[in-house]
Amino acid sequence: MSYAFMKILESAPERYDAGIDILTLGRLRHLKQDIVNEFIAKDDRVLELGCGTGSLAILCAAKEAEVIGIDLSPNMLAIAHRKLRKAGLTEKIKLVKMSAMDMDTTFDDNSFNVITSTLVFSEMSREEIRYVLNQCHRVLKTNGSLLIADEIVPQNPFAKFLLFLLRLPFIIIAYIFTQTTTRAVASLDEELRQAGFNIIKTKSYLLGTMRLFQARKTI
Amino acid sequence: MIDFIKSFVETLLRILPFPTKTGLRVFGKPDRHSPVFVTANFDLTVRRVARVLSQNQIDCYLLVVNTKGINAWCAARGGHFTADQVVSVIKTSGIGELVDHRQLILPELCAPGVNPREIYNKTGWHTKFGPAYASYIPEYIKSGFQKTAKMNLVEFPIIQRLEMATMWAFPMTILIGILFTILWRNLLPEIIALIWIIALFLFTLYFWLPGKPSLVSALVIGGIFALGIAAFGLFASHWSIRDIWILSLSAVSIAGIIGIDFPGSSPLFHSQWVTWTQERGLTKGPGRFKVVVDPEGCNGCGICLDVCPRGIYRLEAKKAVASDIEKCENCTACFKQCPQQTISIGVPIENFYR
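Protein chains in written order, with the numbering used here: chain A, 1 to 219; chain B, 1 to 354.
Just so you know, the hints here were simulated from the structure itself, not pulled from any lab data.
One or more of the hints may lead you astray.
Unchecked claim - Chain A regions said to be covered by chain B (calculated; three or more residues, Cβ under 8 Å): (1) 93-106; (2) 128-134.
What the hints assert, rightly or not - Calculated lysine-lysine pairs in the PhoX-like style (CA-CA distance at most 25 Å, straight line): (3) B/Lys284 - A/Lys83; (4) B/Lys68 - A/Lys97; (5) B/Lys91 - B/Lys142; (6) A/Lys97 - B/Lys142; (7) B/Lys319 - B/Lys147; (8) A/Lys141 - A/Lys83; (9) A/Lys97 - B/Lys147; (10) A/Lys63 - A/Lys83.
What the hints assert, rightly or not - For the chain A half of the interface with chain B, some residues (derived, Cβ under 8 Å), not all of them: (11) Leu72; (12) Ser73; (13) Ser204.
Since we're looking at a predicted model, the values are computed, not measured.
All C-beta atoms, glycine included, are put in the ideal place defined by N, C-alpha and C.
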């Protein structure tokens with residue numbers, strides 16, 4: 001109801017990077033670097049779902065991959081544009097304001113080597129996750145990799161509660177100063193298999209609360 | 001009972017988003033011609049809409065859109081309730097297989113964010129804006145899905161005003177309560193009472209305060225409370241002079257905190273806070289603006305009448321006229337929905353958010 005609240009949300013993108021750093025204790029930076037070091041090769045065609053302020057897209061492009069970054073938020077994209085101009089990578093990265101739900105009409109089958117997505121699936125509903133994973137499977141080339149990094153709900157309720165308590169101060173600090181927050185996604189591995197992916201590798205970050213999945217399209 | 005407890009907690013913490021399950025919900029026994037309503041996934045709203053639909057035994061479908069737990073009004077203006085979210089729920093809910101028609105009924109208050117042409121182009125679904133409040137839905141259906149003028153308008157009745165008072169008072173009780181527990185524990189009961197009395201006073205007497213609701217009017221009330229505390233403290237209490245100072249200044253501060261967005265806390269007025277930050281370039285946006293209709297381009301379709309929650313538009317000789325312009329709260333719905341793009345906001349478009 002309060003306009004002030006909505007305005008706070010609106011003004012958040014400028015401080016989004018800082019907020020995420022606080023929330024993830026800087027681990028997301030490492031994770032993104034890991035993705036690039038391990039999975040991105042020169043001349044790969046990379047699709048990033050929810051590129052936000054473009055930090056991962058820039059890392060990929062720096063490794064001479066060709067990146068298409070899509071995001072829903074025009075404010076985030078404006079910041080991304082600024083960042084990639086500064087990095088001199090405007091040639092290598094194409095930013096599009098678009099929803100992952102419109103992948104069906106935008107991208108051809110078998111057209112990407114890699115799809116990346118960090119802290120995006122946790123924003124979606126279960127139905128949306130299924131839909132987008134199916135689309136990812138369609139647009140990836142055979143043997144292409146889908147790399148998803150997201151917050152994961154721990155199975156053990158005690159661990160869940162303990163982690164919540166540990167993270168609470170960071171959640172509060174990040175929310176107060178940057179209005180950024182994250183949510184967790186449940187059973188992503190099962191959804192990946194349902195969509196036809198083979199999970200090749202997972203890696204845990206932040207005491208297992210954040211996880212990186214490498215899923216491969218084998219057929 | 002659980003419903004009641006949820007509503008209670010969510011009202012206290014109303015300032016925070018409360019997401020609920022998104023996607024398709026079924027009410028009664030809908031058939032292939034039943035209406036399809038859309039709402040935002042703010043738990044409090046969804047449960048209210050659901051209550052209206054089930055209590056009135058309406059056979060229909062409800063699509064709950066993923067607005068990140070924010071209500072339709074705020075989500076639409078903050079960019080979280082746009083055509084993208086509606087397209088997503090159409091594609092993932094399977095609603096297309098359940099009905100023969102292609103007509104969604106959107107909540108009127110999402111008009112500042114949702115672009116119907118984009119939804120149509122991407123999915124083939126038509127949309128129309130239903131009533132401002134779910135409570136009008138039964139009447140709306142009875143009248144053959146036509147809105148009366150009343151159904152377009154937002155209101156701020158006493159129950160909503162008390163909700164807003166609670167929305168401000170509860171978080172302040174926690175935060176200021178912690179501060180006082182650390183610094184001035186002896187005044188804890190007094191300060192908590194003061195927070196609730198001032199919040200309830202400001203919102204109960206919302207329309208009858210001196211001047212229009214504004215930061216100034218809230219501060220004036222805060223000042224009157226401060227004087228009252230001083231008078232009471234000096235003549236009839238055990239408070240020390242220091243206590244009186246603390247409580248008096250707190251009264252002004254509490255009123256000031258509520259006052260920062262006092263008009264914006266209602267659905268009736270434009271937000272002073274938003275205007276203030278935009279005019280100083282702290283946030284993006286046009287600041288306070290006046291809508292202007294270009295009579296040349298207007299084809300009299302009347303969409304502006306349909307989406308204006310304040311009823312400022314009339315049709316005169318098949319042209320839209322913005323009359324009660326001082327009532328306009330700058331929600332941008334008319335400006336964004338006008339298919340002829342003949343409504344302008346009198347400032348260069350580049351200054352405008354999105």
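- Would you list, in rising numerical order, the hints stated earlier that this structure does not obey? Failing hints, ascending: 5, 6, 8, 9, 13.
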